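Build out the structure end to end from the sequences listed, making use of the hints.
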Amino acid sequence: MITAGIDIGSITAKALALSGNEILGSRVAFTGYNPEQAAADIFGALLAEIGIERASIGAVVSTGYGRNAVRFADRAITEIICHAAGAYFQDPSVRTVIDIGGQDSKIISIADGGRVRDFAMNDKCAAGTGRFLEVMSRAMEVPLDSFGEMSRRSKSPAPISNTCTVFAESEVISLISKGVQRQDILAGLHESIASRIASMAARIGVAAPVMMTGGVAKNGGLVDALERCLSVEISVTPNAQVNGALGAAVLAAGGLEKK
Amino acid sequence: MADEKKTVDPEKEKRKIKSVRRMKEIMTAYYIDAKNAGKSGRKVAWITSGGPVEPLIAMDVIPVYPENHGAMIGASKMGAVLCAKAEETGYSRDLCSYARSDIGASLTNGGPIGGLPAPDFLVCCNNICGTVLKWYEVQARKYNVPLFFFDTPFIHTDFTEDARKYVRTQVDEYIGFLEQACGRKMDYGRMEEVGRLSVKAQRLWRDVLETCAHSPAPMTAFDAFFHLALIVTLRGTRVVVDYYTELLAELRDRIARGISMVPDEKYRLIWDNLPVWYKTKWLSDKFAEHHACLVADTYCSAWSGVLDLIDENNFLESMATAYPSIYINVSIDRMFVILKNMLVKYRADGLVMHSNRSCKPYSLGQYDLQKMVMKELGIPVLIIEADMVDERSFSESQIETRIDAFMEVLKQGR
Ligand code: SF4
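As you go down the protein sequences, you meet chains A and B in turn. Oh and the first sequence: position 43 is 43 in our numbering, straight run, nothing missing. Oh and the second sequence: position 300 is 300 in our numbering, straight run, nothing missing.
Please note that a few of the clues may not be correct.
[Said to hold, decoys possible] If the Cβ cut is set under 8 Å, some of the chain B residues that face chain A in the computed set are:
1) Pro380
2) Glu385
3) Thr401
4) Asp404
5) Ala405
6) Glu408
7) Val409
8) Gln412
If you are wondering where the hints come from, they were derived from the structure by calculation, not from laboratory data. None of the values given here were measured: they were computed from a predicted structure. Note that beta-carbon positions come from the ideal geometry of N, C-alpha and C, so glycine has one too.
If you want it as structure tokens, here you go:
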């Protein structure tokens, strides 16, 4: 059976089609202001790209903040379960998933068999999430895609004491005006996010192997900082950004369901 | 409109608690009395929710609770506006939203009942928090009326004999204060009667809550939040005893007839901290959608939690031990014992903790309690961040995701 997962996040929408163990295709687009429309659009685009009729898709599971707005989905499941399922599908040995999304960051602890053992999410504040990095990208005039590579050139990360998005932004601006190098500021930002994630991780404990998912996983500088902070190796797969949609497609196919 | 008939869902109708109506009548009559106190010549005292109300009842003073008023403001979704009023005059947004909404309401005569009747004096007991000290000072200044502080030392390990004596002395001082404020002597015979009625009401309240030990539960914590107002405001009066007797009978009848509040109850959860007053319906529906019933909570049970410490035949004496011993005036270790007993007694599948931006004494330590519960009982714990009155501190989509995920994890575990 071919299944699809639709992940409507606060910033980006992701769609993925799965046939057995094979990923047929996936897409990423901005969510915009209308999640229902975004879901319909991205699903249509995905079907066109892989050349499959809607009728051939056996089941659709939606996830992410807009999960309940996806009318055509058969079921809505939260990102927690989907990210765990996606990571487990990619590597069944994974025991911890770190997912940094647009407005949420989460640590998911996976039990044998791919079940979620426990999870922790950020408190209400957006610090340490994708939004935080977006704001910083604007303040620093550095595109998000360059964050990782640029921060890796830093020899002495600038300490950023504020984790609050708003205060950190003004702190960054004052660092810029003091002439601190951009790569050092970036590296400092990554450290501050990593330490925030680490304290969240401490709540549920981090068991290896650890996989990082979500769009922010493309930022190698942050992954490095997390590895240092948690003293653990972190794997990132090419499907990191669409991992939630992948998990949704896996669950649509009945994966992990109790028989 | 006359021709627009309300469609009645018999299923839902069956689940409704019928006593609710009587409760509403009692509360309305209580507030009408309080608002007309000037005409009837009775005195009005503002008092904190954990404060010793019985001597007031014995002196025929009408007790009025800014916190209960705050809860009504929250439930009417007027919290943000009134809090903002207080903030405009310089109060920090970090201040408890009961205090802010009360101050906001008294500045504007706003809120669902057009503000509280002005007090003749205030009684502040710090067994719930330190915020109330400054809050009541502010209001005593504003209304230019006397204020009595009933100081209850925090219990870190044990309640020492010295502490007990210290509180006991204040019981006499308190009565002296009341005699002066009311211009007449305390009738100790009446006081004894009030003490007995208070204990009786607390016993009934405990029994009401404990009906939910039955599965499926005849009501949920959301219903308890509603019925709580009486034990808080008027304990020591006959009407509370009569009402809870009626409510208890109804709940027992529901059990006998197999009527549960949550259709098809599958998961039993315990709630910690104050309700989110402006979202009780939403939260209640949300949990019910997952077939989860909040069967008990640490908040409502605080008003019957010290029953064992009260001697109904020696109320004033035992009051000195009971009042300082309530749930949030004790160390985390003691809170854990209470919480643990509750989780076991109600056969809970999970614990939902409301990390309440307003109430620091209640919310501090929740992460430790979470760890202790998970470690000792292996029961999963969800923490959600909100505020009891200020709806600006509530993010629906974030909380929805956390609750949905928590329930999915519980289901996976089955
Ligand atoms: S801080 Fe907490 S205990 Fe104190 S008045 Fe506010 S809600 Fe009540």
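Against the structure, the hints:
1. Pro380: 7 Å, holds
2. Glu385: 5 Å, holds
3. Thr401: Check passed: Cβ of Thr401 of chain B comes within 6 Å of chain A, closer than 8 Å.
4. Asp404: 5 Å, holds
5. Ala405: Nearest chain A Cβ about 4 Å off; hint holds.
6. Glu408: 5 Å, holds
7. Val409: 5 Å, holds
8. Gln412: Holds, because the Cβ-Cβ distance from Gln412 of chain B to chain A comes to roughly 5 Å (cut-off 8 Å).
Hint violations for this structure: none, all hints satisfied.
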